[in-house]
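Novice: Residues 1 to 144 (the UniProt record's numbering) are what the sequence shown spells out, left to right.
Hints in this document: simulated from the structure, not taken from any laboratory. Positions of the beta carbon are idealized from the N, C-alpha and C atoms, including for glycine. Wrong hints could be hidden among the right ones.
[What the hints assert, rightly or not] Using C-beta positions, here's what the derived DEER-type ranges look like:
id : residue 1 : residue 2 : range
1  : His-49    : Val-139   : 28 to 38 Å
2  : Thr-21    : Tyr-52    : 42 to 52 Å
3  : Leu-128   : Arg-47    : 32 to 42 Å
4  : Arg-94    : Gly-27    : 14 to 24 Å
5  : Pro-2     : Pro-51    : 22 to 32 Å
6  : Gln-80    : Ile-54    : 15 to 25 Å
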Amino acid sequence: MPSVFRHAVSLDALNALSADTVISQLGIVFSAVGDDWLQATMPVDARTHQPYGILHGGASVVLAETLGSSAGNLCVDNSQQVCVGLEINANHVRAKREGVVTGTARAVHVGRSTQIWDIRIEDEQARLVCTSRLTLAVVAAGHG
Numbered sequence: 001m002p003s004v005f006r007h008a009v010s011l012d013a014l015n016a017l018s019a020d021t022v023i024s025q026l027g028i029v030f031s032a033v034g035d036d037w038l039q040a041t042m043p044v045d046a047r048t049h050q051p052y053g054i055l056h057g058g059a060s061v062v063l064a065e066t067l068g069s070s071a072g073n074l075c076v077d078n079s080q081q082v083c084v085g086l087e088i089n090a091n092h093v094r095a096k097r098e099g100v101v102t103g104t105a106r107a108v109h110v111g112r113s114t115q116i117w118d119i120r121i122e123d124e125q126a127r128l129v130c131t132s133r134l135t136l137a138v139v140a141a142g143h144g
């Protein structure tokens with residue numbers, strides 16, 4: 001299968017781009033990439049807990065949108081276009097109190113004006129914690 005990404009993907013560059021953003025504040029780290037997917041990890045700790053000591057659903061959504069938006073932007077010519085979120089949904093399936101979750105975004109549709117990404121967030125035993133779907137708009141650079 002040919003890659004959906006327009007250029008070589010550097011995990012180091014993605015992680016550097018995330019410095020001093022909500023991404024780095026939550027401890028999200030890009031960790032692996034394939035032809036049509038991008039993966040990142042996020043700790044489950046005080047930064048990502050809700051008041052009852054479990055992973056905050058909003059933190060899972062930040063991980064999902066980070067993965068989908070980052071992957072989407074790797075599919076366009078960034079000198080001309082940028083991908084921005086239109087809609088995201090998430091189903092929180094399993095509570096998680098500590099450790100690390102891993103999110104994987106996979107391309108469903110990579111079109112000229114929209115993209116759709118499925119994001120699966122799992123625990124260390126590959127059990128589903130959250131499943132999400134992100135729709136992106138592809139817009140002219142500088143108009144996101």
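Novice: Against each hint, give a clear statement of whether it holds in the structure.
Specialist: Going through the hints against the structure:
1. His-49 to Val-139: 28 to 38 Å: Holds, at about 35 Å.
2. Thr-21 to Tyr-52: 42 to 52 Å: violated, 26 Å
3. Leu-128 to Arg-47: 32 to 42 Å: With Cβ atoms ~22 Å apart, the hint is violated.
4. Arg-94 to Gly-27: 14 to 24 Å: holds, 20 Å
5. Pro-2 to Pro-51: 22 to 32 Å: violated, 46 Å
6. Gln-80 to Ile-54: 15 to 25 Å: violated, 42 Å
Violation of the numbered hints given earlier is confined to hints 2, 3, 5 and 6; the remaining hints are satisfied by the structure.
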